[in-house]
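Please put together the full structure from these sequences, using the hints given.
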Amino acid sequence: MLRNYFRIALRSLRRRPGYAALNLVGLAVGMACCLLIGLYVQNELSYDRFHPASDRIVRVAQATDDGGLATIGDGIMPILQNDIPQVERAVQVRESNSTLKLAREQDGTMTRFEEENVLFADSTFFDVFAGFELRRGDPSTALSRPGTIVLTLETARRYFGDEDPMGKTLIREGEDDQGLTVTGVLEPIPANSHLRFDFVTSMGTWFAALGYPAGYQSDSFWFPMAWTYARLQPDADRALVEQQVTEVVASQRRAEVAETYAPTLQPLPSLHLHSNMEGDPAGQGSITQVYVFGAIALFVLLIAAVNFVNLATARATERATEVGVRKSIGARRGQLVGQFLAESVLLSAGAAALALLITQAALSVFTTVLGKTLAVGLWTNAVLWVGVVAIVLVTGVGAGSYPAFVLSGFRPVSVLKPLTVQGRSRGAWLRKGLVVVQFAISVALIAATAVAYSQLEYLRTAQLGFNEEQIVTMDAEGNYRTLRTALARRPEVASVTGASVTPGLGGSGTFRYEINGEPPSDAQERINTQQVDTGFFETLGVETIAGRTLSADRRSDLGRAKPEDDTHFTTYYREQALVVNRATLDKFGWTPEEALGKRIRLYVLENETIYQDYEGEVVGIVENYHTTSLRQEIPPVVYMPARLPTLDPGKGPQVAVSSILVKMAPGTVSQGWEALRSAWTEVLPTEPFAASVLGDRLQAQYASEQRLGQVVGIFSVLALFVACLGLFGLATYTTQQRTKEIGIRKAVGASVTSIVGLLSANFLKLVAGAILIGTPLAFLAVQRWLQNFAYHVDLGPVPFVLAAGSALAIAGLTVSYHALRAARTDPATTLRDE
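Using my numbering, the letters of the sequence shown correspond one by one to residues 1 to 834.
It is possible that part of the hints are untrue.
[Unchecked claim] Calculated pairs, DSS-like style, for lysine-lysine (alpha carbon to alpha carbon, straight line, at most 30 Å):
1) Lys432 - Lys101
2) Lys598 - Lys562
3) Lys587 - Lys598
4) Lys765 - Lys432
5) Lys101 - Lys168
6) Lys101 - Lys598
7) Lys740 - Lys765
8) Lys562 - Lys651
9) Lys740 - Lys432
In case anyone wonders, no lab produced these hints; they're calculated from the structure.
Printed below as a string of C-alpha cells:
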C-alpha cells in the first residue's frame, strides 16, 4: 500500500514540475539554513562535555555585584582538599600572562620560539580533566615536579619533527634560563574545549621562575590568581558544597571582603556560554548569540514550511475534482489521506536530501564566517539525523494535512459540481495569514541586519578620545627602556611611550583607595588604575584639562620606595605624582581646581596584609578617553607612574610597562615599519619582530559582533528569498485561477496598468500588514541587543523604513511579473472556449 502511495505521489509531482521545484528549492534552502545553525548551536552546547564526569566538575570563582572574578588565589586549595569532603579532586590552572620564550638546542644551534598558548597547572590536571588524553607519558606524574612540560601532538612535531620528544629538554629563556623536560605528548585538543593551549607545564615551574622553593603554596586568596576547578563526589549537592566553601572562606577573610567576593561554583559545561567574568579564558561564547542564531534558524525554516503549506493548500483546490472522482469509484477517506500525506512527505524528504548537500557545500564558508572550527560533524551526527527526520515528518505532515483531512472529507456530489469554489474559499484565509507571517519575519530580520551594520559602522568610526592613527603597539618584552631609546633615534618615529595596558583594550587594575586619608563609606569600593610612562597622554593626543601630566624632567614624580614591613608584603611607594580623568571628577563631585593637590592612596589588602600600596598627589586632570571597548562606560581612572623607584639609590627605576606605544611621523608608514623592525633587531636580535597597528587591535574587539552581523545578514537575505519563492508560486496560482476574469476585463477595455494593480494589490496589502507586525518586533529585539553597548547608535526610522521598502519592492516585483504577463495575454486566447 505504502509503495503504491509513493508511486502515485511521484507521478503527481512529475506532472507539475514547477510546483515541485518551487517547493523543493524553498524547503531545501530553509532546511539547510536550519542545519547549518543547528550544527553551530550543537557545537556551542557541547563545550567541555567530552571530559568524563564533566557534570561533576565545577570552577570556583568569586561573585561580585558587577559580574565577578573567574580566578582566585592559592588559599582556596587547602579548603577544597581538606575541609570539603564532597570534593574528590581539585586543580589550579594559570594562564601565562606574557609571551613565553622557548628554545631548543640541537647540534650546537639554538632554535627559538615565542609561545602564547601556555598553561601552568597542578599535578592533578589530567586527573580532573581526563578528556585531555596523553598519547605519550603518565598523566599522574607528568606535572608532578618543577621543570616539566607537556606538549600537544602538533606542537611536538613543530619542535621535534619525527623525533621522540619524551625526555628532551626545552629552555625557557629569561633573566634565569629554566630547563623544561618533556614528560608527555597530548592527543589533539578537542575544538569544543574552553581551555585552549599548546603547552601545559607544572605550577611548580611557575613558582620556581619567581624564586619560590619547590612545593611552595601561598595562603592568599589573591596570589597567584588562577582558575580553580574541583571534581565533586558523584552524590554531592553542588549548592550545599558552595555553601560550605563560602562559610570556610568567610572564616578566613575579613567580613567585608568575604561579603564582596563570595565564592561561587560554576558547572564546567556552562562556562563557555554562561560565564561573563573578569579573567575568563579568551574565546568565550555567548548564550544570547546562540538564542539569536537558533531563532533565525527556526524563522527561516518556518518561512520555508509556510511556503510548502501555502502552495500545498493552493494546489489542493485544483485536486478537489480528483478527490470527487476517486471517492465516486470507491476510494475510502483513509486511502486519500495516505495518498496526500505520502506525496507531501516524499517532497519533504527530497528537500531534506538536497538540504544536506547544500549544508555540506556551505559548511566551510559558514565556519569561516563564524571564525571557528566545529567539533560536531554532519554525516555521523546522530542528533542531527534525528532532527532531519523530525523536520521531514513535521513539515510533510503539516503541509499535507489540509488536503489530506479537509479535501478527503468532501462529498463527491459537492466537488464535482461545475465552478465549485468550496475548497478555494476554505483555504484562502490560511494562505493569507501565512504570507503575513512569512513577511513579518523577513521584515524583522532585514531591519535587525540594518541596525547591526549601523552599530558596527559606529564602532568602527566612533571617536575614542585619543588618536589611534599612526600608533603602533609592541610588546615590551622586559626591555622597555632599551627599546624606547632605540626607537626614539629613528627619524620615522615621532614619539615613544609605554603603559601597563594598551589603550582601548581594557585590563586596568582595581584598588582600594583613600582620599586625604579617608576611605570611602563602602570600604570595599574600588577604583581603576593604570601605570603610564612620561609622554603617554601627549603621544595619544589626550587633552589636559588642568595641571600637568607626568614629566621626564621631574624625577620626584616617581615618588619614594619603602621597604616591606610587618603589614606590607612587598615594597610600597609614597609621594608619587598622580593624574586622574574627568570621570574621576564626576564620581567625587570635584572641580578641576579642587582635584589638584588631593592625596590618593591605592592599595590591595588581604588578611591584614597589604600586597600593593601607592600614595601620591594629583598633579593633573585629563579628558576622558575609552580605556576599554564601547561596551563599557568610561570609568574613573587614576594614572600612576610606570617607572617605580628602587630601594637601592644606585639602581635605576623598575619599569611596569607591558605595551610600548610608538607614534609614527606623518607620511612614514611604509618606511616606518622597517625602522621599527631595525630598532627591534638592534635590541633583540634573536627575537622575532612583533608589532601591530593599534587601530586594527581595537577593531578586533568587535569580531563577535561583526560575525553576528554577517550571519544575520546572510540568513535575512535567504529568508527573503525563500519568502519570495512562495509568493512567486502563489502569484502563479492566483493568476491561473483568474485567467478568464482577466480576459473579460481586457475585452471590455481594462488597461494593462489597472489589471496589474488589481492582481498585485491583494498581495501588497498582505506585505503591508506584515510590515506593521514585523517592525515593532524588530525594534524591541534590536533595542535589547544595543543595551549590550554603553555607547551605541540612536534607533531612528531609517533601518525600519529600509526593511519595509525592501520587502514591498521585492514582493511587488515578484507579483508584478505574473500580473504583467497575464495582463498582456490576448483575450481571444483565454476566452476561445467560452
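ask   = Between Lys598 and Lys562, is the straight-line Cα distance small enough, at 30 Å or below?
value = holds, 21 Å
Taking 30 Å as the top limit, are the C-alpha atoms of Lys562 and Lys651 close enough?
-> With Cα atoms ~15 Å apart, Lys562 and Lys651 stay inside 30 Å; holds.
(Q) Against the 30 Å threshold, does the CA-CA distance of Lys765 and Lys432 hold or violate the hint? (A) holds, 10 Å
(Q) Hint check: Lys432 vs Lys101, CA-CA at most 30 Å. Holds or violated? (A) violated, 67 Å
Keeping to a limit of 30 Å between CA atoms, is the pair of Lys740 and Lys765 held or broken?
Roughly 23 Å separates the two Cα atoms, so the pair holds.
Against the 30 Å threshold, does the CA-CA distance of Lys101 and Lys168 hold or violate the hint? Answer holds: Lys101 to Lys168 is near 17 Å, not above 30 Å.
**OP:** Decide if the proposed pair is consistent with the structure: Lys587 and Lys598, CA atoms, cutoff 30 Å inclusive.
**Re:** holds, 14 Å
* Asked: Quick one, are Lys101 and Lys598 close enough, alpha carbons at most 30 Å?
  -> With a Cα-Cα distance of about 43 Å, the restraint between Lys101 and Lys598 is violated, given a limit of 30 Å.
Are the Cα positions of Lys740 and Lys432 separated by 30 Å at most? This hinted pair holds, its Cα atoms lying about 23 Å apart.
Checked against the numbered hints given earlier, this structure breaks hints 1 and 6; the rest are met.
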